[in-house]
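Same order as they appear, the protein sequences are chains A and B. Here the first sequence is numbered in UniProt numbering, starting from 1 and rising by one per residue. Here the second sequence is numbered in UniProt numbering, starting from 1 and rising by one per residue.
Hints were generated in silico from the structure; no laboratory data involved. Being a predicted model, the structure only gives us computed values, none of them experimental. There could be a bad hint or two in this list.
As the list claims (entries may be wrong) - Covered stretches of chain B, going by a simulated chain A footprint (3 or more residues, C-beta under 8 Å):
#, segment
1, 95 to 103
2, 149 to 163
What the hints assert, rightly or not - Quick list of the computed label-pair ranges, beta carbon to beta carbon:
#, chain 1, residue 1, chain 2, residue 2, range
3, A, Gly-170, B, Ser-65, 45 to 55 Å
4, A, Leu-79, B, Glu-192, 18 to 28 Å
5, B, Val-40, A, Glu-99, 55 to 65 Å
6, B, Pro-248, A, Thr-180, 36 to 46 Å
7, A, Gly-170, B, Arg-133, 50 to 60 Å
8, A, Leu-256, B, Trp-30, 24 to 34 Å
All C-beta atoms in this analysis are idealised placements derived from N, C-alpha and C, irrespective of residue type, glycine included.
Here are the chains, one letter per residue:
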Amino acid sequence: MTALRTLLGHPVPRRLGEAVVTLLGVSVLTFVVLRVVPGDQITAQYGIAAGELSPDQIADLEAYYGIDQPLPVQFLSWLGGVLTGNLGVSANSGVSVAELTAQALPNTIELAVLSILVGLALGVPGGMLAASRPGRARDNATQAGSLLALSVPSFLLATAVATFLANRLGWYPNGEGYRTLLEDPWLNLQQMLLPALVLGISIASPVLQTTRTAILGVRAEDYVRTAQAKGVPARRLQVRHVLRNALIPVVTMTGLQFGFLLSGALVAEQIFAIPGIGRQVLLGLGQQEYALVQSTTLVIAVMFVLVNLLTDLVYRLVDPRVRVA
Amino acid sequence: MSAQAGTDALTGGSTDGPTPTPRPGRGHAWRRAFLTPAGVVGLVLMALVLLLAGMAVTGLTASPSAQDVGRSLLGPGAQGWFGTDQFGRDVFARVASGLANSLRVAVVSVAVSGVVGISLGVLAGYYRGWADRLVGIVNNVLFAFPSLLLALALAATLERSWVTVSVAIAVVYVPIFARVARAPVLGLREAEYVVASDAIGRSRLSTLVRHVVPNMTGILVVQTTLSLSWAILTEASLSFLGFGTPPPAASLGGMVYEAQTLAVIAPWMLAFPGIALVVVVVALNLLGDALRSALDPRSGGR
Numbered sequence: 001m002t003a004l005r006t007l008l009g010h011p012v013p014r015r016l017g018e019a020v021v022t023l024l025g026v027s028v029l030t031f032v033v034l035r036v037v038p039g040d041q042i043t044a045q046y047g048i049a050a051g052e053l054s055p056d057q058i059a060d061l062e063a064y065y066g067i068d069q070p071l072p073v074q075f076l077s078w079l080g081g082v083l084t085g086n087l088g089v090s091a092n093s094g095v096s097v098a099e100l101t102a103q104a105l106p107n108t109i110e111l112a113v114l115s116i117l118v119g120l121a122l123g124v125p126g127g128m129l130a131a132s133r134p135g136r137a138r139d140n141a142t143q144a145g146s147l148l149a150l151s152v153p154s155f156l157l158a159t160a161v162a163t164f165l166a167n168r169l170g171w172y173p174n175g176e177g178y179r180t181l182l183e184d185p186w187l188n189l190q191q192m193l194l195p196a197l198v199l200g201i202s203i204a205s206p207v208l209q210t211t212r213t214a215i216l217g218v219r220a221e222d223y224v225r226t227a228q229a230k231g232v233p234a235r236r237l238q239v240r241h242v243l244r245n246a247l248i249p250v251v252t253m254t255g256l257q258f259g260f261l262l263s264g265a266l267v268a269e270q271i272f273a274i275p276g277i278g279r280q281v282l283l284g285l286g287q288q289e290y291a292l293v294q295s296t297t298l299v300i301a302v303m304f305v306l307v308n309l310l311t312d313l314v315y316r317l318v319d320p321r322v323r324v325a
Numbered sequence: 001m002s003a004q005a006g007t008d009a010l011t012g013g014s015t016d017g018p019t020p021t022p023r024p025g026r027g028h029a030w031r032r033a034f035l036t037p038a039g040v041v042g043l044v045l046m047a048l049v050l051l052l053a054g055m056a057v058t059g060l061t062a063s064p065s066a067q068d069v070g071r072s073l074l075g076p077g078a079q080g081w082f083g084t085d086q087f088g089r090d091v092f093a094r095v096a097s098g099l100a101n102s103l104r105v106a107v108v109s110v111a112v113s114g115v116v117g118i119s120l121g122v123l124a125g126y127y128r129g130w131a132d133r134l135v136g137i138v139n140n141v142l143f144a145f146p147s148l149l150l151a152l153a154l155a156a157t158l159e160r161s162w163v164t165v166s167v168a169i170a171v172v173y174v175p176i177f178a179r180v181a182r183a184p185v186l187g188l189r190e191a192e193y194v195v196a197s198d199a200i201g202r203s204r205l206s207t208l209v210r211h212v213v214p215n216m217t218g219i220l221v222v223q224t225t226l227s228l229s230w231a232i233l234t235e236a237s238l239s240f241l242g243f244g245t246p247p248p249a250a251s252l253g254g255m256v257y258e259a260q261t262l263a264v265i266a267p268w269m270l271a272f273p274g275i276a277l278v279v280v281v282v283a284l285n286l287l288g289d290a291l292r293s294a295l296d297p298r299s300g301g302r
């Protein structure tokens, strides 16, 4: 009994338990929100013609789609299907949602990873630059740039870039149909360049702020002064003692930006015609496809919860101080 | 600050007097916030935005939806300051009206999510126990969805109007307000003046209202300002994706979407709504930052 209590009190199993409760709540919410959609699968399929169906036909169709059952039953059968890997079938294309998702997910993950790389490449040096002379011109200029990057919505930046850059340069890598990384790596990277740049710029801003704050914080630590006093060379001090410790919160922050990236992916995939998971949701919403939107939303939320959990666990691993808390 | 307020409460000196926020500091905080360069720029930009939105609301601009195909795709000039779109609608009038729409959605959604979220957060942090756990679970569930996706799913299920968009955005921001409000309460409920207020027999609710909440106004004011800018961005993104404010009403995101195909020959259709959007968001972010550095004692503003 006490062993069980100790186990439950331990932060890691507690976090795992929280994640399970959260996922259950996520599935209920996803189910409820998409079941209150005005118009059901039948009106979505037959449009105005649904009004001419006889009550018998409607009952048959309802039974076919399983929407004649009480809501809790529908929920449980849906959840049971999801847990066994059955995410439903897209009514328009006849392809299973699991298959569609399996095709779309790698593209979104690739975009997210590339965007994070761009964000880190811009944000970390930017933060170091800003922290090198806090309160001075360099710092102010970097902060102003970061504020601007935060204030330009990705859909606006993406539209402007897609319109003008492509037009001026006559460069339309996204115009000739999407190729995956495995099919044509060179073309794929060209197609990913602009969306990754757009999303990377918007996450560079929080990365920059976190890096700056973290560096300033670490620099005030006693061990930095000690290292300085014992004569560690400036460059080595900055890299080994300051930057290495300052990167811990940056890693956490980057993990937490993943959800934001998925939001951004909705927009960027739409504008740059990348067949990712965000585009799948928008397509499903436009065509009122229950199963597609429901399952895709669930997949996204599950991914988000898992990434946050992973970030938290990695953070505990990297920073021994948190383990106590 | 807290120690002094605590002794006041103990001696009974201020039981009915001012809240523990130091009086002289309050006016200074506002002045400190708005007299920084960032604060001044933020105020000026915001005044400009309000002027434009005000013109749209009072009908001082041309009609934002009147079409005139004879005057389509005119560049900026005497015919119209910001030019016209493919239906001959006045872009200046549409930008002004779009700004008014953005502000309306932002204010309504932040007001709703602020009141609900702050109440939940404060009660959860102050009373702890099962209420805290329940709010925590609801927060975790709502946080599990990327914000734009959740707003999109909600907005898409309801009938399209600016009210439903506001509600959808409000739902997304409730957990953020709840989390921001809960954190300081955890510290404040242990503060000496709160313990003292309990000790002299004041009810817990009354302590909460008189001593806890007034001490977090700074944080909440900053959060509200920044949330307004996020709400504007979310509304614009939803409208851009076709699930926000329905046409023909003007919305900045919708205008950017319509400009997509025409931007090469009519760049003003993209530029003006884009600039307006960035200006209003920059203004709110600057004001939020200025308020934060003025109200946050750790930033050394005083």
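Evaluated hints:
| no. | hint | in the structure |
| --- | --- | --- |
| 1 | 95 to 103 | violated (count 0) |
| 2 | 149 to 163 | holds (count 7) |
| 3 | A:Gly-170 x B:Ser-65: 45 to 55 Å | 36 Å, violated |
| 4 | A:Leu-79 x B:Glu-192: 18 to 28 Å | 50 Å, violated |
| 5 | B:Val-40 x A:Glu-99: 55 to 65 Å | 57 Å, holds |
| 6 | B:Pro-248 x A:Thr-180: 36 to 46 Å | 40 Å, holds |
| 7 | A:Gly-170 x B:Arg-133: 50 to 60 Å | 59 Å, holds |
| 8 | A:Leu-256 x B:Trp-30: 24 to 34 Å | 32 Å, holds |
Consistency with the previously given hints fails for numbers 1, 3, 4, ordered from lowest to highest.
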